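S.K.: Keeping their order, the protein sequence lines are chains U and B. Residue numbers for the first sequence follow our numbering, beginning at 1 and rising by one. Residue numbers for the second sequence follow our numbering, beginning at 1 and rising by one.
Accuracy of the hints is not assured; some may be wrong.
Remember, identical chains collapse to one label, so a pair may be satisfied in a single copy or spanning two.
No more than 20 Å apart at the CA atoms, straight line, and that leaves these computed lysine to aspartate or glutamate pairs for EDC-like [stated by the list, open to error]:
1) K190 with E79
2) K190 with D59
3) K31 with D9
4) K190 with D169
5) K50 with D81
No wet-lab data here; the hints were simulated from the structure. Note that the structure is predicted; figures quoted are calculated from it, not measured.
Number of protein chains: 2
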Amino acid sequence: MTKKTSKYDKILNTFIQLLIEGGYQSATISKIAERAEVNPSTIFRNFTDKKGLLSAVVDRHLKDLSTIFDGVSMTGNIEDDLVILSKTYQEFQVDHQEIVLIGFQAALEMPEINKAVEEIPVLFKKILGDYFSDMKKQHKIRETIDVEAATMNLLWLNFGYFLSVIRFDHPNISTSATDFYDKQIRFFAKSLV
Amino acid sequence: MTKKTSKYDKILNTFIQLLIEGGYQSATISKIAERAEVNPSTIFRNFTDKKGLLSAVVDRHLKDLSTIFDGVSMTGNIEDDLVILSKTYQEFQVDHQEIVLIGFQAALEMPEINKAVEEIPVLFKKILGDYFSDMKKQHKIRETIDVEAATMNLLWLNFGYFLSVIRFDHPNISTSATDFYDKQIRFFAKSLV
DNA sequence: AAAGCATGCAAGTGGTTGGTTGCATTTTAA
DNA sequence: TTAAAATGCAACCAACCACTTGCATGCTTT
Numbered sequence: 001m002t003k004k005t006s007k008y009d010k011i012l013n014t015f016i017q018l019l020i021e022g023g024y025q026s027a028t029i030s031k032i033a034e035r036a037e038v039n040p041s042t043i044f045r046n047f048t049d050k051k052g053l054l055s056a057v058v059d060r061h062l063k064d065l066s067t068i069f070d071g072v073s074m075t076g077n078i079e080d081d082l083v084i085l086s087k088t089y090q091e092f093q094v095d096h097q098e099i100v101l102i103g104f105q106a107a108l109e110m111p112e113i114n115k116a117v118e119e120i121p122v123l124f125k126k127i128l129g130d131y132f133s134d135m136k137k138q139h140k141i142r143e144t145i146d147v148e149a150a151t152m153n154l155l156w157l158n159f160g161y162f163l164s165v166i167r168f169d170h171p172n173i174s175t176s177a178t179d180f181y182d183k184q185i186r187f188f189a190k191s192l193v
Numbered sequence: 001m002t003k004k005t006s007k008y009d010k011i012l013n014t015f016i017q018l019l020i021e022g023g024y025q026s027a028t029i030s031k032i033a034e035r036a037e038v039n040p041s042t043i044f045r046n047f048t049d050k051k052g053l054l055s056a057v058v059d060r061h062l063k064d065l066s067t068i069f070d071g072v073s074m075t076g077n078i079e080d081d082l083v084i085l086s087k088t089y090q091e092f093q094v095d096h097q098e099i100v101l102i103g104f105q106a107a108l109e110m111p112e113i114n115k116a117v118e119e120i121p122v123l124f125k126k127i128l129g130d131y132f133s134d135m136k137k138q139h140k141i142r143e144t145i146d147v148e149a150a151t152m153n154l155l156w157l158n159f160g161y162f163l164s165v166i167r168f169d170h171p172n173i174s175t176s177a178t179d180f181y182d183k184q185i186r187f188f189a190k191s192l193v
């Protein structure tokens, strides 16, 4: 696979970086050009217009998303598995936080962004639901557990934590990643068995 | 307490409405003026500049926040109490979603917005932490429960659910408010006793 | 070496937005 | 009723931004 042009990736990466730093409106063509050491006209030649840049971000995101849980294998130990799944989800979210941020900012310019953002939790939910169903069949979690409730619970827990991490600073509501996995996720996992 | 001017509130309410509909950049002075049936110059006379509008939103928000848990009384039944607390939090969040949205959008223009946004979960955490500590003293929740973990768990669960509600549309990850309280919160509460 | 393609450069365009100002008019309060 | 305060109005400004274009230059490929 040959790269589209030599500057294409550099521009796109710079754009994403600026998105994270200041959001969509703040990611000006001239800022991108300057930081990517590229002429503004080059940006338009590669991406047509600013929406084209957004599109490219969404495309790249969807491509990455499709492989997020590839190579992740379960151990059969509930606690460990939920940590692994949560960690996989969290790392992907943080690595792709720009799509979430512009989902909050540019949903008007590009409604399909929200669809792309949604797909992350939708996929994660499917993985979790399948896992819990499986574990229930194997009697590794209690009979009385509502799989749907457990799934959504863990989903929102992860989603809430992720957004706290990327937006909040306050010490009272900050938690290190290790604490999150070792305390929160395991706390949750224990309630299932 | 006398209102500042007759148009002040109308402008501010219109601004908030537009913030929810389309975000900060989209909430143009001329849009506000048109919908509030007011002349653009009146907006500047009342709020100095656009940041002044933001400031006013933040001020109003902080004022409302200070009374959020006033008049909320506990029953002693864990499940019911956690539903009440979550409901109080959720309703406040939805009623003040604009501050969260602009926290994602205008944090650059006004860094103090994020502080204001943070204060909601910070306060909620304190309420929850106190409640759990109290219940533990009364032996109404298990000895082995880590209060901090339980608190953060419920906090992120609520935060994640709230953001899902205001941003997501996908049927797979949508849940009615009643389902959230009756299934999720009670599911969580049961794990404590 | 030649041809084609990507890029740099510079000047410019049109639209939008936040913000100002002076004056006429309406609303409010004493 | 009257004075003061709040608003409407309209013209205007400066800044910024996305985007265009024509041409020169450099790089890559064959």
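S.K.: Could you tell me which of the numbered hints above are not met by this structure, giving the numbers in increasing order?
M.R.: 2, 4, 5
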